[in-house]
Structures are given as C-alpha cells and as structure tokens.
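What follows is the residue order along each chain.
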Amino acid sequence: APPSGQRGNSFLTLEGREVKVKMAARLLIRSAVRAATTCRAAPVPALTRGMAAGGIPTDEEQATGMERIVMKAMKEGADPYSMMKPKEYAGSKADPHLVPSITNKRIVGCVCEEDNTAVVWFWLHDGEAQRCPSCGSHYKLVAHELPH
Amino acid sequence: MAHQAHAYHMVDPSPWPLTGAIAALLMTSGLAVWFHFHSTTLMILGTILLLLTMFQWWRDVVREGTFQGHHTPPVQKGLRYGMILFITSEVFFFLGFFWAFYHSSLAPTPELGGCWPPTGITTLDPFEVPLLNTAVLLASGVTVTWAHHSIMEGERKQAIQSLTLTIALGFYFTFLQAMEYYEAPFTIADGVYGSTFFVATGFHGLHVIIGSMFLAVCLLRQIHFHFTSEHHFGFEAAAWYWHFVDVVWLFLYISIYWWGS
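Residue numbers (the numbering used here), protein chains in the order written: chain A, 357 to 504; chain B, 1033 to 1293.
Keep in mind the hints are simulated off the structure, nothing from the lab. Positions of the beta carbon are idealized from the N, C-alpha and C atoms, including for glycine. Heads up, none of these hints are tricks.
Reference excerpt, derived from the structure (chain A facing chain B, CB under 10 Å, subset only):
1. 414
2. 418
3. 504
Working from the sequences, and respecting the hints, build out all of it.
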C-alpha cells in the first residue's frame, strides 16, 4: 500500500482506496460489536433525588393527594378505587365472585350470559354468599378499606 | 380530602364558567355595538373578562392537579381525550377554510380572469420568507420534542433551554409573518384571493400566538418545578397543540403559497 503522505495527483490509487475501505470496514465492525454488546439499561444514579439527579422531580418525590394514594396502591398491586376491571371468578360455591364493599351491602348487576341485555340487579348483603336469582352464580361481599 | 370510593375528580363549585359565558355575551354584543354605534367599550370589557376567566380557570386546574393531586390516572386520561377532541374540532375549523380556498381556486370564475392566481394578483414567492417560516416551524417541532425528552429524562436545564428556544422560534415566525403581512402587494379586500389568503393564514397566525402562550405557561411551570418526569400532561397538551399548528402551516404552505402561486 502506498504511504499516506505521498500523493502526486489529487486522487488516490486503487491500492490506497482499498486500504481506506478495509480500515473503514474494521472500524464499522468494531463499533457494531460495541453497540451490540453495550449495556442498554439506564444506569441508576447514586444520587436519586430532585436537584441532585437532574433537576426535575419524580412522582415518587412530588405526587400528592389522591394521585399519591393511587400511585402507592398501584405499586403494591392493590386497586382500592376500582380503576381496573373486576377480578374474574368461577361463580361457584367454592369460588364465588368476591364483591368488595365499603359498607355492609352493595348492588350487584349480574350479566348472566355474555351479551345479555337484561342485567339482573340485586342487593348483596354481608354474610353468607348469595346467588343470582336468574343464573345462580354465587356472590360474596368482602370488606374493603379505602386508603383515606 | 373528599371521601370517595372512585379515582375521579368531582370539581368544587366554580364561578368561571359563568364569567366565561358573560364574557362571550359581552364580546358578541359588543361587536354588534361597535359595528352600529362606533363604541368599543362593551367589546373591550368582554375581552378583559374573557382573559380574567381563562387565567383564573386554568390557574385552578393547575392548583387542583399539581398542588392538590386530583389528577389521578383516570382523570389524566379524560384530560387527554379532551385535548384530542379539541384539536380535532380545530382541524375541522381549518378544513372549512381550505374548502373555501380550493372551491375558488380549482375552478376560477371569469371575474378572476378564469385563472389562479387571479388576474392582477402578485403572489408572494413561496421560496422566500414563506420557506423560512416553514423551516422555523419545523425546527420548533424538533425543539419541543427535545424539551419533552428532557423532561422525561429529568434534565431540568435542557428542558428549560429547549422550551425557551421553541417559544423563541414561535415568536420569530409571528414576527416574520407580520412583516409579510405589512409588505404584501395585496390585501384582504383583493377579491377571493385576498379573502382566502388572509383568513386562512390569519387564523393560523392566531393559533401560533395561542400555542406560543400555552408553551410560555409551560415554561413558567417547568421553572417552578410543577412537572415531574412521569406526570407533565400540561406540557404534552401544549406540544400536541404546537405540532397541530405546524401541520396546518405545512398544508397552508403547500396549498396556498406554493400550488396557489
């Protein structure tokens, strides 16, 4: 390969071009290997609060009121304000639908079969499980505490 | 805190819907008074009341969300739907003006000379200031996205810088457009060309000003630590609105400035 300093005219010789391509290819492969093997996970900063980290607070530091209560509950997997779809149960005697309530009774609307348009409404009282007057599914009231 | 078994926000009674309605009444009747009796007092009074309403209503929303924590996930979802629906309504608003433009320009009447641009109209060169305006707004779309990522990544300084830059670009657009309006060789009274040009670009300019104000409020809130890296919907709403303004300009540029020239 011709030495890099010598260039009589303004364009490279064929050999010079080959050397540059080989070097470029090597660099490309090296950087590709680096990119593929680099740790992608964001590093957890040692100082994690507010101004020490980057200057923008997190919800953990700054959320308040209802938002904070919901945030804490969601972190524990709880759903005190019924934001999610109700859990699914078989509805049998051994596995009744568990209905959370903040008092000692709650209205239940049973859609006995999927796509039924007539919903069967009834009061579910604390104590022994009750059965839907139409399809017989079992429902049991369970006490439910609100975070506040 | 109210004892509720749901995560929604039952808003406290507020006077601002009433003051807003009164402002709308005073502004509209004030407009009629201005037309017939040459007095702007009623209209100005209505406008002041409108500005006070907007300031105090939105200040209350910030208080309820940021300081009192009422904006739980379902509440935030509702706010997102609200902003999307509002922007959709604005899309339809602009659609009307584009309809008017294409109605007149696709089949130019004999009164116009049977051609578009109409006889006698010297259009603006689309590759001069209008192209610069396009670049300015596109750049502001980049800087607002930079600001969003800065907020999400907890970078306060960058968030403030990129948001400031976005607002500066918005002001630059408004300044350039004002210069264009002043220097234009045609006016709003110059037939249907003038009407469609100035009504469409005029309403767009108004939306740029509104969007800039929205972003400016976000900048103030960011400086005062309102936003967290996870919860900053006010900023997202402003960014959505800003992107919408940018897209409307792109359609204006292609249709009126370029094709229509």
